[in-house]
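Chain A is already provided as a structure; the job is to place chain B with the ligand on it using the hints.
Line by line, the protein sequences give chains A and B. Per my numbering, the very first residue in the first sequence carries number 81; after that it's consecutive. Per my numbering, the very first residue in the second sequence carries number 32; after that it's consecutive.
If you are wondering where the hints come from, they were derived from the structure by calculation, not from laboratory data. For glycine and all other residues, C-beta sits at the position ideal for the given N, C-alpha and C. There may be inaccurate statements among the hints.
One side of the interface only, derived from the structure: several residues of chain A facing chain B at Cβ under 10 Å [as the list claims (entries may be wrong)]:
1) G127
2) P130
3) L132
4) F163
5) Y171
6) Y224
7) D349
8) P354
9) D355
10) P356
11) L358
12) V359
13) I362
From chain B, some residues computed to sit far from chain A (all C-beta separations above 10 Å) [to be verified]:
14) E54
15) E97
16) R386
17) M389
18) F473
19) F488
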Amino acid sequence: MSKYATVIGLEVHIELATASKIFCSCPTEFGKEPNTHVCPVCLGLPGSLPVLNRRVVEFAIKAGLALNCEIPRFAKFDRKNYFYPDLPKAYQISQYDLPLAVSGYLEFALNGETKRVGITRVHIEEDAGKLVHGDFADYSLADYNRTGVPLIEIVSEPDLRSPEEAKAYLEKLKSVIQYTGISDVKMEEGSLRCDANVSIMPAGSKEFGTRSEIKNMNSFKAVQRGLVYEVDRQKEVLEAGGKVVQETRRWDEHKGITFSMRSKEEAHDYRYFPDPDLVPIIVEHDWVEEIRQSLPEMPDARRTRYVSEWGLPEYDAAVITASKAMSDFFEATLAEYHDAKAVANSLMGEILKYLNAHGIEIHQTRLTPSHLAELLKLQTDGTISGKIAKTVFEEMFSSGKKPAEIVKEQGLVQISDKDAIAAIVEQVITDNPKSVEDFKAGTEKAIGFLVGQVMKISKGRANPEMVNQLLREKLR
Amino acid sequence: MLEECTVAEALKLLGKKEISALELTEAALHRVEAVDERIKAFVTVTRNEALATAALVDAKRLSGEEMPPLAGIPMALKDNMCTKGVLTTCSSKILDNFKPPYDATVVELLRDAGTVLLGKTNLDEFAMGSSTENSALFTTRNPWDVERVPGGSSGGSAAAVAADEVCFALGSDTGGSIRQPAAFCGVVGLKPTYGRVSRYGLIAFASSLDQIGPFTKDIWDCALVMNAIAGYDSRDTTSVPLASPDYTAQLLGGVKGLRIGVPKEYFAAGIDRDVRNAVQKALNVLVALGAEAEEISLPHTDYGIPVYYLIAPAEASSNLARYDGVQYGYRAEADNLLEMYKKTRSQGFGSEVKRRIMLGTYALSSGYYDAYYLKALKVRTLIKQDFDEAFKKFDLILTPTAPSTAFPVGTVEDPLTMYLNDICTIPVNLAGLPALSMPCGFVNNLPVGLQLIGKPFAEATILQAAYAYEQHSGLAKKKPVLSGKGVPKDE
Ligand SMILES: [Zn+2]
Numbered sequence: 081m082s083k084y085a086t087v088i089g090l091e092v093h094i095e096l097a098t099a100s101k102i103f104c105s106c107p108t109e110f111g112k113e114p115n116t117h118v119c120p121v122c123l124g125l126p127g128s129l130p131v132l133n134r135r136v137v138e139f140a141i142k143a144g145l146a147l148n149c150e151i152p153r154f155a156k157f158d159r160k161n162y163f164y165p166d167l168p169k170a171y172q173i174s175q176y177d178l179p180l181a182v183s184g185y186l187e188f189a190l191n192g193e194t195k196r197v198g199i200t201r202v203h204i205e206e207d208a209g210k211l212v213h214g215d216f217a218d219y220s221l222a223d224y225n226r227t228g229v230p231l232i233e234i235v236s237e238p239d240l241r242s243p244e245e246a247k248a249y250l251e252k253l254k255s256v257i258q259y260t261g262i263s264d265v266k267m268e269e270g271s272l273r274c275d276a277n278v279s280i281m282p283a284g285s286k287e288f289g290t291r292s293e294i295k296n297m298n299s300f301k302a303v304q305r306g307l308v309y310e311v312d313r314q315k316e317v318l319e320a321g322g323k324v325v326q327e328t329r330r331w332d333e334h335k336g337i338t339f340s341m342r343s344k345e346e347a348h349d350y351r352y353f354p355d356p357d358l359v360p361i362i363v364e365h366d367w368v369e370e371i372r373q374s375l376p377e378m379p380d381a382r383r384t385r386y387v388s389e390w391g392l393p394e395y396d397a398a399v400i401t402a403s404k405a406m407s408d409f410f411e412a413t414l415a416e417y418h419d420a421k422a423v424a425n426s427l428m429g430e431i432l433k434y435l436n437a438h439g440i441e442i443h444q445t446r447l448t449p450s451h452l453a454e455l456l457k458l459q460t461d462g463t464i465s466g467k468i469a470k471t472v473f474e475e476m477f478s479s480g481k482k483p484a485e486i487v488k489e490q491g492l493v494q495i496s497d498k499d500a501i502a503a504i505v506e507q508v509i510t511d512n513p514k515s516v517e518d519f520k521a522g523t524e525k526a527i528g529f530l531v532g533q534v535m536k537i538s539k540g541r542a543n544p545e546m547v548n549q550l551l552r553e554k555l556r
Numbered sequence: 032m033l034e035e036c037t038v039a040e041a042l043k044l045l046g047k048k049e050i051s052a053l054e055l056t057e058a059a060l061h062r063v064e065a066v067d068e069r070i071k072a073f074v075t076v077t078r079n080e081a082l083a084t085a086a087l088v089d090a091k092r093l094s095g096e097e098m099p100p101l102a103g104i105p106m107a108l109k110d111n112m113c114t115k116g117v118l119t120t121c122s123s124k125i126l127d128n129f130k131p132p133y134d135a136t137v138v139e140l141l142r143d144a145g146t147v148l149l150g151k152t153n154l155d156e157f158a159m160g161s162s163t164e165n166s167a168l169f170t171t172r173n174p175w176d177v178e179r180v181p182g183g184s185s186g187g188s189a190a191a192v193a194a195d196e197v198c199f200a201l202g203s204d205t206g207g208s209i210r211q212p213a214a215f216c217g218v219v220g221l222k223p224t225y226g227r228v229s230r231y232g233l234i235a236f237a238s239s240l241d242q243i244g245p246f247t248k249d250i251w252d253c254a255l256v257m258n259a260i261a262g263y264d265s266r267d268t269t270s271v272p273l274a275s276p277d278y279t280a281q282l283l284g285g286v287k288g289l290r291i292g293v294p295k296e297y298f299a300a301g302i303d304r305d306v307r308n309a310v311q312k313a314l315n316v317l318v319a320l321g322a323e324a325e326e327i328s329l330p331h332t333d334y335g336i337p338v339y340y341l342i343a344p345a346e347a348s349s350n351l352a353r354y355d356g357v358q359y360g361y362r363a364e365a366d367n368l369l370e371m372y373k374k375t376r377s378q379g380f381g382s383e384v385k386r387r388i389m390l391g392t393y394a395l396s397s398g399y400y401d402a403y404y405l406k407a408l409k410v411r412t413l414i415k416q417d418f419d420e421a422f423k424k425f426d427l428i429l430t431p432t433a434p435s436t437a438f439p440v441g442t443v444e445d446p447l448t449m450y451l452n453d454i455c456t457i458p459v460n461l462a463g464l465p466a467l468s469m470p471c472g473f474v475n476n477l478p479v480g481l482q483l484i485g486k487p488f489a490e491a492t493i494l495q496a497a498y499a500y501e502q503h504s505g506l507a508k509k510k511p512v513l514s515g516k517g518v519p520k521d522e
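Bound-form chain A, shown alone (with noise of 0.2 Å):
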């Protein structure tokens, strides 16, 4: 037992993927020419006033719903305000004190248990541009199409107990959130970012110790070695007799730690005060109800379906269920094959593989369901082998081609004529008198290599269970 307790919680901000920004029309695509996605409302000119986008409203409940917030009736915007080039107006516009939702929870599973982790709350505001730095330029350029894209901020409580459990929630809250649908969460470009408030308390200790708060942490490998870091640097403090500091910390990724940024004493006072120019927001219970009534069925509900429906092995449903892309491929390609377990072996074999070694989701490549479940067909007629299913399955990815065409056209059916498999054994036979010695002598494994011959020989192509039929037949 450690001699210290971690206390850690999350702030999550996830970009909401709305067609339109969240106080005025211009769209919120991504890698347009500079300034080109703005107006007079995002650019924050004098006279310039916010319109709210309900559908902005409609995905952060959304996100409410589905980490099971209660969503307040009464919601109101408020100004964050600080002085920066990438912020037009000096200040977001943000939800202070009446966020749109509260008091839920998160469960994610970790070494076989179920951790259950309190989400304070969920509030919507808006992005800030993008500066861009010339190398030796003494001036910078400020890109605002990115201004005003709508953002939700899941702030949890401080209920995670390890750097582990904290990348376990945020591969949770990613999965659930994708599932709704109102975000692409992707870290790695910037739809999904994270900070964290760290501290650690001596084991058994009820009170919390001083926090410190992580920023700039872009990954969710990033997450785990910046809290591991930064426990291990609030440890050494403590261990030398020190005081941990409250102040803001920014993760350096290159060199593998976290460094000050600013002291309790150095923090922004953001004088958060309602916005006079948006009217507050009024949730009215029926729509909150549509809202949840929309919401697609969360990766819980389906992992114990597919144990119960199914009869998938737990662990099979949760790597599933992980994904809503492959959770959703999974359940169309059983529309067309019966076999779940087949399914799932596909999706977690040479599928899972391609697509970890490509870095996608299975939505990106250009197989599909009804392929899959082609050849799986193929595989049970027997018409192709399961060694042949591999070669079959990297030209599905990279052409898209029909499995049974793909079989056809490099003549890959496999060969279950007696006589022609016969033929290619007697074959191996005479030219292996070594090991045919060696099964004859009780060396079993032999067999192995002498099947393996065949198959080179049949280019893959030969029944295997045959061939080990007929090659014992033939040396018995």
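Below, chain B with the ligand without anything else, positioned relative to chain A:
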């Protein structure tokens, strides 16, 4: 004299084809040339654009097209309303060379109504002040006495109308900025109900208090202009989705049976005796015309100024934070970002604006928020409740508009004394109510303003009573004599 026409008179002449829009605009431009050197109402005169617009109106008239309601009427805008491609200064150095890429909603509405924009008028910087002396450009003069202030902050618009430089003008009113200069310049000024006129494109001072309204030569014109600018705007979510009536429809209704509350707090010691007398006389007229009057109390009146000077600067401190030298306007030379911010804002803002930004920043600061800003919001509610209570019994509330007549330029140096100018007008903004100022007499040849306050969205009731009084008093016809006095001293 063409330039002396009211909107209604000019429309009649245009309608009968006795004059052209071009003649009317030329007369107005000629008047500006003749008197604005002394009045200094205009920051920008859009001469060429005005002539082009007027010519276009005439071309349409000749072709027999149906004309919009205010076709060919020359007007001016307070220079805190955004005009596409036309310099918009807020009378501040910090908006140096700022030409908005868009029009304010009222500007669009007035264009659709066929008006001719003659130019932009002077104001106290960012509408903060009661005399236009806080303009970073120059001080506007009162047409009744060019040694005196026109009031503020919409002093330029008030003076331009009073001096017959335009048929009407728009101003904005946050704590009295339409009504007090209307009173000082002897014209009609209406602050509509908060939410009645779109604020989109009005450069914000204090968003929860700002409201655009007209300056006109008489009440009928005020109704005509309201018809053009009132209404819901989807670009301003604080504007109210209520249909606005034809404001001329009720004008002839008279005051018989109208119940008028007269709050004693507005006739207290701080109010000039002559002003009180003039207002009392106006009340007597209304009663003689059939209105019922009764003294009432609005007990939280005294808190109006302190509450206003917490809420308005708090909002302003945030609204004006965007003037940081980054995107547009004035930017000071500096070696780094922080220094650029500091220098730009120190050099770009005038002292009254800086005073209010500091006041507001302080009121919103952590540790002071509850004691100042939040408390002020609560008292604001009490002030509003005073009015709600009174309006259960009364249709209108009658008060002086300002505690005195126009004072000489340069004589009020203490900001607190200056703030007291708005003692009668501020509570109305805090309560979001409509109120109008109109001339009700003269003291030493300087106009006195009468304020009529109405229920929310009851501008028509105010105009009805005002029209009845105006018909009786005949004061709308009284004009300042601009020939006598010379050019004001150099500033
Ligand atoms: Zn925009």
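Status of the hints after comparison with the structure:
1. G127: holds (4 Å)
2. P130: Given a least distance of 8 Å, the restraint on A/P130 holds.
3. L132: Hint holds; A/L132 Cβ to chain B Cβ min 7 Å, cut 10 Å.
4. F163: Status holds, d = 6 Å.
5. Y171: With a minimum Cβ separation of about 5 Å from chain B (threshold 10 Å), the hint on A/Y171 holds.
6. Y224: With a minimum Cβ separation of about 9 Å from chain B (threshold 10 Å), the hint on A/Y224 holds.
7. D349: holds (5 Å)
8. P354: Interface hint status for A/P354: holds (9 Å vs cutoff 10 Å).
9. D355: holds (8 Å)
10. P356: holds (4 Å)
11. L358: holds (6 Å)
12. V359: holds (5 Å)
13. I362: Result: violated, 13 Å to nearest chain B Cβ.
14. E54: holds (33 Å)
15. E97: holds (32 Å)
16. R386: holds (17 Å)
17. M389: Given that every Cβ of chain A is farther than 10 Å from that of B/M389, nearest at about 13 Å, it holds.
18. F473: holds (37 Å)
19. F488: Holds: least Cβ distance 17 Å, greater than 10 Å.
The structure fails to meet hint 13 from the earlier list, while all remaining hints are met.
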